[in-house]
Amino acid sequence: MAYSILHLSRNNQRTHLIVDDVTTLPVMFATIYGMNELSKKHLGTQENILCSLRFFYVYYFKKHKRTFDYDFYRSGYNISCFIRELDGFFTYLLGKQHLS
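Read in the UniProt record's numbering, the sequence shown has 8 at position 8, and its numbers run on one by one without any break.
Bear in mind the hints are in silico, worked out from the structure with no lab data behind them. It is possible that part of the hints are untrue.
To be verified - Straight-line Cα separation of at most 20 Å, DMTMM-like style, residue types lysine to aspartate or glutamate; simulated pairs:
hint	residue 1	residue 2
1	K62	D21
2	K65	D21
3	K62	E85
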């Protein structure tokens, strides 16, 4: 599973989205987070945060063989269910597995 960061510009407003390369659709959690929180931040900050989220999406899919958005939906949009994933994600980043 692969994801790309898409740069959008419309009506002199610019933003970034994470897009699933298979479905070519924006990912759900990052889009919701982007509309509610990232839209208040500078474009460079938006891109850096979305890059980190993209790494998490890849990590989650490698570990569970399901997309994060699917499990986020199944949890009733309860993000607290996924806090336990952060330790494994941190180890994944330390091992530089996100670079391969």
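Legend entry - Index of numbered hints that the structure contradicts, given in increasing order: Violated hints: none at all, because every hint is consistent with the structure.
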